[in-house]
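Sequences listed follow chains A and B, in order.
Just so you know, the first sequence maps onto residues 1 to 376 in the working numbering.
Just so you know, the second sequence maps onto residues 1 to 401 in the working numbering.
It is possible that some hints are incorrect.
Label pairs and their computed distance ranges (CB to CB) [said to hold, decoys possible]:
1) A:S306 x B:P66: 35 to 45 Å
2) B:T241 x A:K262: 23 to 33 Å
3) A:G53 x B:E21: 50 to 60 Å
4) B:T291 x A:K262: 52 to 62 Å
5) A:S147 x B:D6: 57 to 67 Å
Only pairs whose alpha carbons sit at most 25 Å apart, straight line, appear in this in silico BS3-like list of lysine-lysine [said to hold, decoys possible]:
6) A:K292 x B:K76
7) A:K292 x B:K394
8) B:K116 x B:K39
Here are some chain A residues pointing at chain B (derived, C-beta under 8 Å) [unchecked claim]:
9) K156
10) V258
11) Y260
12) L261
13) K262
14) H279
15) A281
16) A282
17) L290
18) A318
19) R319
Hints listed in this document are in silico derivations from the structure and should not be mistaken for laboratory results.
Glycine included, C-beta positions come from ideal geometry on N, C-alpha and C.
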Amino acid sequence: MPLVLNEEQNMLKDAAKDFCGNNTPISQLRKLRDDKADKGFDEPTWQQMVELGWAGIIIPEDFGGLGFGYMGMGVVMEECGRTLTASPLFSTAVLGASAIMNAGSDEQKGELLGQVAGGELLLALALEETPHHNPYGATTKAEKSGSGYKVTGSKKFVLDGHVANKLIVVARTSGNAGDRDGLTMVLVDSDAKGVKVTRTFMADSRNAANIEFDGAEGVLLGTEGKAADVLDRVLDTGRILLAAEMLGSSQECFERTVEYLKTREQFGVPIGSFQALKHRAAQMFCEIELSKSVVLEALSALDENSDEIAELASLAKARLNDTYNLVSSEGIQMHGGIGMTDEYDIGFFMKRARVSEHTLGNSAFHRNRYGETQGY
Amino acid sequence: MGTLNDFRMETRAWLEENCPESMRGPAAVGEEDMIGGGKKQVYKNPDAKVWLDRMAARGWTAPMWPTEYGGGGLSKDEYLILQDEMIRLNARSPIGGMGFSMIGPTLLDYGTEEQKREHLPKIVSGEIRWCQGYSEPGAGSDLAGLQTKCEDAGDYFLVNGQKIWTSGAQYADWIFTLVRTDPQAPKHEGISFVLIDMDQPGVTVRPIKLISGSSPFCETFFDNARVEKQNLVGQINRGWTVGKRLLQHERSSISGLNSGGRRGRYDGMRGLTDVAKEYVGLADGKLADATLRGEILVNEMNQRAFGLTQQRAMAESESGGTPTFATSFFKYYGSETGKTRLELQLKAMGTQSLGWEGDMFSDEEKTLTRTWLRSKSSTIAGGSSEIQLNIVAKRVLGLPD
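Produce the entire structure from the sequences given, and follow the hints as far as they go.
What follows is the structure, given as structure tokens:
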């Protein structure tokens, strides 16, 4: 369990920091929001990220990726988190790629992974049906039809759902909502007949969509009725990489706040000299230090294919949910009135914090799950 | 890697051969759990002395100290292997105390060659036990306000004044102290760090009974106590620097930082979740009290994250965990989380956790009552939590005074 980065990972991190600082500052997200940009991200910027190889970091070299591992993807996500970069990296190069890598046939992997790494294909995981994360809760039906499957049902909060070319739909071929058995992943083209995509506008100005399937035809991804195990791995990969993004955002939000405490004066002194604020800042520092450790440990568990992935994913996601929530709330409070203005960037962190928190499991979900892995 | 593996195999074999059976697992009832050494130490179980002498002969009571001062001369990796192998056998630590965790490391940093040769080997062997003379009745969190006077009397110094919260002073042979050598100078600049032999008429120790019923702390009085000049550590009036360094070692010791996040030496206490399973019970594989389960999970997950952070600090520090201002963060978080853990243990065990004496309560239950009470000092001693947060805010975050 390397809890420190190696030289190559540090270089990648520095490169990502430069790129995001120069190309995807928060002003870009602000502009995308204000313009109600169709895609919700900037296509030329995304293609530059693809050029840098980011879309293929976790994809093995044999399939056209970089094979640079999860720690590598983690440092990129962390730097994207610092500037709240809007891009399909998470939906496509993390969740989508991971689903194809874990469940795809050799043929599917050969065909699709290269396209992901090359920036030619966007993927979205269509999982949730309710406002709460519920990995085995699918009621959307998949029925065998010829060589493929027909999907009927509705999905919510599909990340990048309105820009994806292909949808990975978690559907049910047998059993009831909540059963692990009977879940099946079906790959559906988003322009297939019977697919209706409605973009949702979320508080964080990032992409999601609600999608209705009415007998839409797709092909099997993995084994019929046995998607739960693969899904666990895909979701844990997503939880850990999202935690890495949240770590970057938490650090940036905290650093901006500490800087404000040093410069804003009231009663003739910097407000950072007040003990009521100092202690809270120091406590946030502690939470962030612990957050760094759990993210690094979870990323290396993925690289090592360790048997602790599930518990570490829950440890990391629960902690980053709480840390990012705290740091973003305190960020607003400590900035005072100016923190409430749209003109000031600090509010963007709080909006993103809450959407991330509810993505792939809130803290209650992950604490409960952690307890289950520990036998109590 | 081959040599490290050889070291592991050799260490394993040596420990199996040399660690007495009765030094494995928790101490028997009535036997001391932790040996502190020194001239006043009574070894209720003679095996404890055998174990200490064998480990000391290899320098493994202070595994990373240089061999010329009696230490083991181990690298960080070797030290971690030794810890692993001791945990594997459930071997109890042969000796501990402030000689190892505080004054020894400080002398390695600031002592003269002569001071190191004089004092360190006696710590390693367990011959001399140390205690700490820092706080005074009027100088707690404001430590630099200390008033104990130290005057130049020609060939030696004379010390007059009072220290308080001198842990283990009634068992100690020597005391390291912060004393005022220049009452006129600004408060941080008139302090010196001196080592005092307690075996003299000018030193008196009175134990203080605490809420846990035990007396781990004392008051220590100095009435014309004599200090030889070679026992001044660092320069005269520059003792604050030495004293702060020692505090970093103390904090890293309280927080468990110097054990590199290992599960900790064997302390005979069961884990929180095991206790909760027994006293609260399981329903459908989960603790039957859902609210308590949630609180326990928060604490367990914080503990795990904290342990990983200790490991990360070790990994980041090429020099094997040299304490920095980060020790304040570890001291704060480790002690607060530990205190919460004991409160949760009380919630899990209910009234059985609050027995004071008598046969209606098991030894484990009565020990918990006292451990819980004692834990309250962990966020006060060695600089309170509030002081640690001040230090993080100032030294790490750079927030203004």
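Comparing the hints with the structure gives:
1. A:S306 x B:P66: 35 to 45 Å: holds (37 Å)
2. B:T241 x A:K262: 23 to 33 Å: Holds - the Cβ-Cβ distance for T241 of chain B and K262 of chain A, about 27 Å, lies within 23 to 33 Å.
3. A:G53 x B:E21: 50 to 60 Å: Between G53 of chain A and E21 of chain B, where Cβ atoms are some 59 Å apart, the hint holds.
4. B:T291 x A:K262: 52 to 62 Å: Since the Cβ atoms of T291 of chain B and K262 of chain A sit about 40 Å apart, the hinted range of 52 to 62 Å is violated.
5. A:S147 x B:D6: 57 to 67 Å: holds (60 Å)
6. A:K292 x B:K76: holds (23 Å)
7. A:K292 x B:K394: holds (21 Å)
8. B:K116 x B:K39: holds (20 Å)
9. K156: It is violated, given that the least Cβ distance between K156 of chain A and chain B is near 27 Å, above 8 Å.
10. V258: Result: holds, 5 Å to nearest chain B Cβ.
11. Y260: violated (11 Å)
12. L261: holds (6 Å)
13. K262: Cβ of K262 of chain A sits 7 Å from chain B, so the hint holds.
14. H279: holds (4 Å)
15. A281: holds (6 Å)
16. A282: holds (4 Å)
17. L290: holds (4 Å)
18. A318: The hint holds - A318 of chain A has a Cβ within 8 Å of chain B, the shortest such distance being about 6 Å.
19. R319: Constraint on R319 of chain A satisfied, holds at 6 Å.
In terms of the numbered hints stated before, the structure departs from hints 4, 9 and 11, listed from lowest to highest.
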